Amino acid sequence: MTQSQTGPTTSELSVAPGAPAAAGLPAGTDVAAVAHPPVRHRGGAWSNFRRRVAKNTGAVIALGVLGLLVVIAVIAPWITPADPNQQDLRSVLLPPFSDGYLLGSDQLGRDILSRLIMGTRVSLLAIVLALAVAMVIGVPAGFLSGFLGGRFDMLVMRLNDAAMSFPPLLLAIALVGVLGPSLRNAMIAVGILLAPRFLRLVRGVVIGLKEETFVEASRSIGTRTRTIIVRHILPNTLSPLTVAIAVTAGYAMLSEAGLSFLGLGVQPPDASWGSMIREGFLYVGRAPWLGIFPGVLIALTVFTFVTLGDGLRDALGREERTES
Amino acid sequence: MIETEPLLDVRDLQVTFSPRKKMFRERVSLRAVDGVSFQLYPGETVGLVGESGCGKSTTARGLMRLVEPSGGSVTLAGRELLGLPANKMRKARKDIQMVFQDPYSSLDPSMLVLDSIAEPIDVHLDLDRAQTVERVGALLQRVGLPAEYMYRYPHEFSGGQRQRITIARAIAADPKILVLDEAVSALDVSTQNQVIGLLEDLSRDADLTYLFIAHDLSVVRHISDRVAVMYLGQIVEHGDVDRVFDAPAHPYTEALLSAVPLPSPKVQRSRERIVLAGDPPDPSKVPPGCRFHTRCKYAMDVCRTVVPLPTPTIGSGEVTCHLHTSGPQLAGASVRELTTPHAAVVG
Amino acid sequence: MLRFLLLRVLTTIPVLVLVTFVVFGLVLLIPGDPAVTIAGPDATVEQVAAIRERLGLDRSLLVQYWDWVTSAMSGDLGTSLYTSRAVATSIGDALPVSIALAGAALLVSLVIAVPTAIVSALRRGTWIDRVATLGSSLGIALPSFWLGLVFVLVFSLTLGWLPATGYVPFATDPAAWVTHLILPALTLGIAGAAESTRQLRGSIIGVLQQDYVRTARAKGLRGRMVVGKHVMKNASVPLVTVLGLQITALLGGAVLVEQVFGVPGLGQVAIAAVTTRDIPVIQGIVLVAVLVAVVCNLLVDLVYGYLNPKVRPR
Amino acid sequence: MTRTLPLDRPAATTTLEVEDLVVEVLTENGWATVVDGVSFSLGRGETLGIVGESGSGKSVTCLAIAGLMPPRQTRVRAGTLRLLGQDLTALDQRQMADIRGPRIAMIFQEPMSSLNPAFTVGDQIAEVLRRHEGLSRKASKARAIELLDRVGVPNPARRFGQYPFEFSGGMRQRVMIAIALACTPDIIIADEPTTALDVTVQAQILELLRAIQREHGMSVIFITHDLGVVADVCDRVLVMYAGQIVEGALLDELFEDPQHPYMEGLLMAMPRMDQVSEALVSIPGHPPQVGAMPAGCRFHPRCSYTREQCTHGDAPALEQVGPTHTTRCLRHPELTLRGTT
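Residue numbers (the numbering used here), protein chains in the order written: chain X, 1 to 324; chain V, 1 to 347; chain Z, 1 to 314; chain H, 1 to 341.
If we strip away everything but chain X, and leave its shape as in the complex, we get:
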């Protein structure tokens, strides 16, 4: 009577690799357990989530690419073909595949490949910093807001509304302008900018969980609120939070690139992919490859995050309800 229909066509179909029912049992026997063995996959919501991610080709490839980038970032100083800050004014603006400069050189004769490799480290670190700031602000606030509700929630949501009404990049620019340009300041600003995303997500998830019957059941059992939070609410926010991290990482990367492009992020001689585009921009007519390569890398990385986010979100879909 309360079974909801999923769609116009699937309402009558329970399409799944079926388990044939047990034969030859007399009517009225209690065979629910025998006739309908549980489906064969193990694990809780989190490991179930991981299992589904593993089945999603896009997500797996994205994770692989991401892993590769992390490895490159970690071992960057040992794999650069040349010192990324080593200038050589005799060989400036060399095109790719020049001798000793696989991807060419910049206006100061520095090896672009080496700078890109070191830039991986800067760019990924920047993402981590921004995400950390965003989550430190957004997650607890969202959690409390969702869990406590009432006046506190109203206050937090008003603050959140105010934060969301700032054009994102502009606020970051203003903050960096005031704090002084540096990668750290830029990423703190970006983190503040991204915090509302986490706040809204966590708040929504927690409010949803509070409505779940299993939380009410736990209350009716007499479980302490503290225990309910630790055992029921927190574990179930984990998977949606993971999705949000993947999606938000992409935005963090774009924001970092934008700020560095404006010269408000990483400061010379260090390079992030964003600041390399800035340099490339100045020589767009003479040496377009300067800006092209870092742009491609940024686009690829963000694309990876987007794909990962999509894959994770698909894996998050509510479990299907099998007929009782």
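Please note: incorrect hints may appear among the correct ones.
Mimicking DSS-like on lysine-lysine, the simulated pairs with C-alpha atoms at most 25 Å apart in a straight line are [claimed, not checked]:
no. : chain 1 : residue 1 : chain 2 : residue 2
1   : V       : K176      : V       : K94
2   : V       : K266      : X       : K210
3   : X       : K210      : V       : K297
4   : Z       : K233      : H       : K141
5   : X       : K210      : V       : K91
Computed Cβ-Cβ distance ranges for the label pairs, DEER-style [to be verified]:
no. : chain 1 : residue 1 : chain 2 : residue 2 : range
6   : V       : S29       : H       : G30       : 56 to 62 Å
7   : Z       : G92       : X       : P269      : 37 to 43 Å
8   : H       : Q86       : Z       : T241      : 27 to 33 Å
By construction, these hints were calculated from the structure, which means they are not laboratory data. The model shown is predicted, which means the values in this text are computed figures rather than measured ones. Ideal Cβ placement from N, Cα and C applies to all residues, glycine included.
Given chain X, work out where chains V, Z and H should sit, using these hints.
The following block gives chains V, Z and H in isolation, referenced to the frame of chain X:
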């Protein structure tokens, strides 16, 4: 049965919802449960029936203090539950447990069946881990599932199996009362019958007392000893199940029973159908006088203004209807004895 | 509808108050003594004192805030520390440029997103859908300023079809205004298009699975009617929410694109102010940008009220 | 193997003829048959019930007849599909859309989600009239208000301009009926129209459907899993299990003298409100999943009368057991099954 002390005594229970005040809007408080009283005696099953929105689920959640009642009293084995401080209330919950309607959202998807069933054991019983595991295994077997299912997660089970698991959880700390809130409504008929069979076995073996809340009257007739009928936040009639079903004293009960189609064409053709006009009641718009008068075919003038009081009915229980007090004829008899509606209106 | 509008306007007041706190509070974030920091390392004691006085830093915070808010409300946003121009004047010159750019970008993004999303959702799972989905993921991933760079390279430097940089006011030369605006608007619009396409595609797919779409088909309505009327009105609801967010994002994104194409909008003014720590200008720009965003979101909410009868008060 | 039921009325009064309807859906493991050789016919003014558990194929059968199965993920085949002599299998999507509304109308289960939340209730009725009868905006509005009045919506002129969320479940279902009734179709297919409603509202809706059918003499296909509702409204019943019709009979025959163990099981499993019952019985196990049909009789794994011969080979054929009664059970001659009295 009436000789013994009630195990659960609900008196004049009130649950009021007051939605948050919106700017420029009147605060409308909504009395979802308005003075509900009933008793549960040890070992019996009391059915609580009514249509959606009548307040039967809110009654359950109110007496469980999952929503805070705004008035009345709930006495469990002689102890008043309303107003009990949080830590004492937590302890008191050992004796009264609940099974919910939706078997899918009743179990935490991130927890092993073992941990779900162990929750009340952890809270109320002083057992070590090995004893807990052993007890959970026994509980699973008791509800007709293999013990090794405890190491699985809810998503691996069908709705019927999940409902068995939630029943195992509910009885894990040896409660005296189970509040079953539409516990079988979401299951299809075969599974539903199996779960009802299980509940009947449990009540016999473990001496459990049930408050069985449902909208399916056929199931309620089957499982209940006594039944109470709710309309718009109040109980309009209660009594032994056979008396209420065979000789309903309240026009609403009569209409409700007559609306259930019976799976027998001959019987169905020969029955008199009473089709109530209008929609089921909206608890934010309570009519004056008798709450049912807007849809009642016997409505008299007095019904529109005066609130009726409960009267004993012939056989057992009480009915809250002017036909029995202000009308000329019924005084506790079945409303089916009324031949024509006009007879009542004359008085 | 009027009451809905009024209510909606009233609810923005606390938001605006909070915004003024944040914007004013920017000064407090300056590390060390703001006057010293702003004046720079080579400044004399007199110069620092002058700055301090001009910023009113010697008075109590509350007084400072009150002065700032009241004069801002009368349209006086102070004067630039650097150019000594009235902040309101600089913003007044730049704002229309930014709005034109953001508006054109919004147009571009809708023109791309709406048809793509519809086709993609209706042909779900086919190659058209896969291409569109891939394209929109890429569209999100491309940094707008880099895309601008590529556009300049291709359309200006290589093909010579469009001017690479600069801006011509509409009043001066409408044709030149358009040609100068095309590349920046395209650059800015593509990212927005990608986001909207994804959102709209998702909501159309969601709506297509609704029971009422089946009802519409069961009534014998033609496919065009089912999609054009029953699906689109419901699917637009989340799109409108996204548009609201996007307007804010476009105002921010415009900063980067203006920098690439040398468009003299708010972004250019902001960058100049940030590099010189011209606090009154920064404050002014942020305040104005927020105001624009808030007004746009108000309009969006009115559209929302039209699309979703439930939120509309009776 | 399959043929129309001989109880079908003479051709002149037959509204719908279905022969050997097969519906396949695309699953992860390829095409799977969800409706397998369904044949029946529907007389003018008749109410035909289709009962079965969820997943038995009863809704899909009707959606397929109305041409509402999504083309890319499903395949529909039929030996015959004839509406008042017109061959529906020959029609394309566009022509089928012309049929839906004036010839075949549908009422669905969920009154809460079956109406579009973004348009007024009146507009959703009037648009059918504009589409099929070419009425003007004004004329269609007047007619829609009449329809609202006919289906018992109080204050129809005011309610015309309201949105679905301002209606109760029962009132929305009345609106759905008004939509279905708008072009006075030959057939109304009602797919569990009262399942989501309270019993008193269910009684109202059933009453309304009965009255409308009497008024216009239209044929009704009534899909439900509630045998009480079947007993209340149907003239003739088809019982579906695992995509096949397993029994077909006139209403009283079916309840008093079921010829298929599945029907017996369904009847025995219903708790009776008018009787004091002892233990409740239930059909053990679960219906087979799509794509995993058991060999032999599809019901054999759950049947208490299963013999060796039931467990292999093709599914048994639908056999005639009386002038108006068919069953798909190999053992029907030897079995005496219990019905209700």
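ask   = Within a Cα-Cα threshold of 25 Å, do K176 of chain V and K94 of chain V meet the stated pairing?
value = 8 Å, holds
ask   = Taken at face value, is the distance from the CA of K210 of chain X to the CA of K266 of chain V at most 25 Å?
value = Cα-Cα ~49 Å, so violated.
ask   = Is it true that the CA of K210 of chain X sits at most 25 Å from the CA of K91 of chain V?
value = 22 Å, holds
inquiry  = Can you confirm whether the C-alpha distance between K210 of chain X and K297 of chain V stays at or below 25 Å?
reply    = 43 Å, violated
task = Confirm or reject the claim that Q86 of chain H and T241 of chain Z have a C-beta distance inside 27 to 33 Å.
result = 47 Å, violated
ask   = For the pair S29 of chain V and G30 of chain H, does the Cβ-Cβ distance stay inside 56 to 62 Å?
value = Between S29 of chain V and G30 of chain H, where Cβ atoms are some 58 Å apart, the hint holds.
ask   = Okay, G92 of chain Z versus P269 of chain X on CB: inside 37 to 43 Å?
value = 40 Å, holds
Hint consistency between K233 of chain Z and K141 of chain H [alpha-carbon to alpha-carbon, up to 25 Å] = 21 Å, holds
Hint violations for this structure: numbers 2, 3, 8, all remaining hints satisfied.
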